[in-house]
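S.K.: When you get a sec, could you build the whole thing from the sequences and use the hints?
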Amino acid sequence: MKKFNYIITLFFIFITLNHSSYASNKFITLQSTTSTRDSGLYNYLLPIFEKEFKIDIRLVAVGTGQALSNIRNCDGDLAITHAPNLEKIYLSKGYISERIEFMYNDFVFIGPNSDPLNIATSSNPDEVLSKIYSNKTKFISRGDSSGTHISELNLWRRAYLSPGIYKDTWYMEVGQGMGATLNIAIGSNAYTYSDRSTWINFKNKSNHKILYSNSELLKNQYSLLLANSTRCPKTKNYLINIFKEWLLSEEGKLLIKSYMVKNQVLFHVD
Amino acid sequence: MSNDTDSIFLEALLLLITGDKDILEIVLLSLYVTLSAVILSCLFSIPLSAILTIKNFFGKTAIIIISNSLMALPPVVVGLGLYLLISANGILAAYELLYTPSAMIIAQFIILTPIIVALSRQNIQESYAKYDEYFRSLGTSTFQKIKTLIWETRFSLITNALAALGRGLSEVGAVIIVGGNIAHQTRMMTTTIAMETSRGDLKLALAVGIILIFISITINIILYALKSNLEVNDGK
Amino acid sequence: MENKIKKLFPCTIRNLQLKFEQNVIFKNLNFVISESPITVLTGNNGTGKTLLLKILASIINPTSGSITFNNENLKNNDFSFIFQKPIFLDRTVYDNLLYVLKVKNKMKRADEVINKNAQEYKITHLLYRSTRGLSGGEQQIISFIRALIVSPKVIFLDEAFSNLDKLYIDKIEFIINQISKNGIKIIMISHDDNQILRLANQVFNIKDGAIDEKI
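Residue numbers (the numbering used here), protein chains in the order written: chain X, 10 to 279; chain S, 7 to 242; chain F, 2 to 216.
Calculated from the structure, these hints are not laboratory results.
Among these hints, one or two may not hold up.
Claimed, not checked - Restraint ranges, calculated between C-beta atoms of paired labels, are given here:
1) S132/X / L16/S: 40 to 48 Å
2) K153/S / D112/F: 19 to 27 Å
3) A78/S / F21/X: 26 to 34 Å
4) L16/S / K214/X: 17 to 25 Å
5) H192/F / K153/S: 36 to 44 Å
6) K66/S / E73/F: 30 to 38 Å
7) D26/S / N116/F: 56 to 64 Å
8) K145/X / T67/S: 53 to 61 Å
9) K214/X / I23/S: 22 to 30 Å
10) R110/F / T18/X: 29 to 37 Å
Stated by the list, open to error - If you want the ones that stay clear, here's a sample from chain F, every Cβ over 10 Å from chain S, calculated:
11) P11
12) T13
13) N24
14) F32
15) V33
16) A111
17) A119
18) E139
19) S152
20) D166
21) K167
22) K182
23) G184
24) H192
25) L198
Even for Gly, the Cβ is constructed at its ideal location relative to N, Cα and C.
M.R.: See below:
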């Protein structure tokens, strides 16, 4: 019995020490989206910051909606998302204290190599969507209120089309991240709408490829959001400002510009 | 297409053989979280099961009903509930548990305890039926009864703990909500598989999956050995 | 030494009734257990002898009625109960013996006591064996030793001879005689008329839910 008590006490000490070691490091919680994470940018960028400033960045990658509501709920010090309309609303309502646009890339339409609808020859996004809509061709949507999804919905709206009524026939809303959505699109030989960086990184492309792109009309704007320390007293103001300065500095910009996958720049600055 | 599957499998094995450091970290963290949850749960559940078997007290039925109902709770619901408690707006926000392994331990503790209680009660009840009159003839105290019953039932109880371990290692819903799947901090085997699959990086997902299966098989082998040990000794 | 028994016996049983669901096992038992060393309960199978024994030892509660010991009540530390089929903990013989000493708070020089008894009853070679592998006779002997080492005032025996060879029966009867002479009250169940003749000072026969003293 004595030996047992001894071991159990050691166990409790071990867990307690372990737990306190997580709390003691200097760290910031960064809320971002799965697609941004999947681009690999953070794996490239963050360790450089951590090494230089000795501040840990704990990245929580979830859906856009969750990332935004997390920072609103004070569960994050910073957020990086790409849903400009939502972000602006958040700023106006004081859920975040600052919104800084700092990098961008674009969205693309993905489809099978064979491209039965000839999307590739379209002259604008409206045309792409009309072809899909009138042919009732299978199209996979994120359906999760992410930046990508919101951008997609805007496009349908601008083309005066309502695919929503065709839910569960050819217009499929999967409610998942970009990777899962791409998997489904490829698996069911369908068209879909994705951000370019996730696609470039995606390792299961099979017979699909980028069919239509337009970097102006399909711009994907990323912003850095700072938590509002008046609403969220625990926000690590000092630390997040260090990160903000660094990200927006020449060094930060250079690093973002120089991040390449398969010889392609994924994120543009200015 | 089958060529792809074969090559993914081979690449996965290669990853395992070369001993990828990230994978090791993930496996160790998963073992740490689930083992801790199982140990803590046993410390709580087993004496509780013994007390529930031996004693009648006010609120006993309530505890049993609640415990059995919690068994049917989907782990994601536990995760969500715990998240609401420990997030910055929650009652327990001050403890700063969100996105830590400790939060995952707590989540798994909540999920596994009802299971261990239910299984242990069954085993201890069998033991108690055997020793009840003997205890009465000796006049053993309640505390002594609990100690003796737990020791006498130890093989079955360890079996239950191992079953819970297997269950905890394969859980993904709760730990991703309260843990956040943060690299090098709260990334577990199951969350890695989910994440890498959704990124299309199947070889990494498969590599981790193989380890998980391997651990599962090992647990089951130990379970089987213990069970047959039990059967041999039960034949009086 | 006999003072030990005088404090507890004679024991008067009044209006004892035992019912299980709708079955009445005893209707209305009234009898007195004397101070004499050995009292035997006998009767055909299924008449409830074991149940009566367990009631006397307060292992089971009767439906109604009273059991009044002489000067003081029967406490757990006063008696040992030997079950028909011995119940052991899943450990060595030594640890089983140690266990009862611990429970009854009689740990003083426990190791000495256990070894002395093991020598006396010649089972030293079994001490460190697991109770799982013991033969029926060995189990019974160890049951006895377990009952004795806690220095009880009363020993209840529930058909302790059903599975044994004559060799063991003789041995145990010898022990019973000895210890009853040392002032320990024996209340036992037996089917063997010859045995009853050999051992009993007082005999009760149970039949049809009623009890009957044989002179």
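S.K.: Taking the hints in turn, state whether each one holds.
M.R.: To see whether the hints hold, each was checked on the structure:
1. Range check, S132/X to L16/S: about 45 Å between beta-carbon atoms, so the 40 to 48 Å window is met.
2. The beta-carbon spacing between K153/S and D112/F, approximately 21 Å, falls within the hinted interval of 19 to 27 Å.
3. Take A78/S and F21/X: their Cβ atoms lie about 30 Å apart, and the range 26 to 34 Å holds.
4. Distance hint check: the CB atoms of L16/S and K214/X are about 20 Å apart, consistent with the given range 17 to 25 Å.
5. Range check, H192/F to K153/S: about 38 Å between beta-carbon atoms, so the 36 to 44 Å window is met.
6. For K66/S and E73/F, the Cβ-Cβ distance of about 34 Å falls inside the hinted range of 30 to 38 Å, so the restraint holds.
7. At about 60 Å, the beta-carbon gap between D26/S and N116/F stays in the expected band of 56 to 64 Å.
8. With their beta carbons about 58 Å apart, K145/X and T67/S fall inside the hinted range of 53 to 61 Å.
9. Distance hint for K214/X and I23/S: a CB-CB separation of about 27 Å, consistent with the stated range 22 to 30 Å.
10. Checked against the hint of 29 to 37 Å, the pair R110/F and T18/X passes, with Cβ atoms roughly 32 Å apart.
11. P11/F, annotated as away from the interface, keeps every beta carbon of chain S farther than 10 Å; the closest lies near 23 Å.
12. Its beta-carbon lying about 22 Å from the closest one in chain S, T13/F satisfies the requirement of being farther than 10 Å from that chain.
13. The Cβ of N24/F sits about 20 Å from the closest Cβ of chain S, beyond the 10 Å cut-off, so the non-interface label holds.
14. Distance check on F32/F: its Cβ is at least 22 Å (rounded) from any Cβ of chain S, clearing the 10 Å threshold; non-interface status holds.
15. Listed as outside the interface, V33/F is consistent with that label: its C-beta sits roughly 23 Å from the nearest C-beta of chain S, beyond the 10 Å cut-off.
16. For A111/F, the shortest C-beta to C-beta distance to chain S comes to about 15 Å, beyond the 10 Å cut-off, and the non-interface label holds.
17. For A119/F, the shortest C-beta to C-beta distance to chain S comes to about 20 Å, beyond the 10 Å cut-off, and the non-interface label holds.
18. The claim that E139/F is not at the interface with chain S holds, since no C-beta of that chain comes within 10 Å of its own (minimum 13 Å).
19. For S152/F, the non-interface assignment is confirmed: its Cβ lies about 14 Å from the closest Cβ of chain S, beyond the 10 Å cut-off.
20. With a least CB separation of 19 Å from chain S, D166/F remains clear of the 10 Å interface cut-off, as annotated.
21. With a cut of 10 Å on Cβ distances, K167/F stays outside the contact zone with chain S, its closest approach being about 24 Å.
22. No Cβ of chain S comes within 10 Å of the Cβ of K182/F; the nearest lies about 24 Å off, and the non-interface call holds.
23. A cut-off of 10 Å between C-beta atoms confirms that G184/F is not in contact with chain S; the least separation is 21 Å.
24. Listed as a non-interface residue, H192/F keeps its Cβ farther than 10 Å from every Cβ of chain S; the least gap is roughly 21 Å.
25. Taking the minimum C-beta to C-beta distance to chain S, about 29 Å, the non-interface status of L198/F holds against the 10 Å cut.
In this structure, every one of the numbered hints holds.
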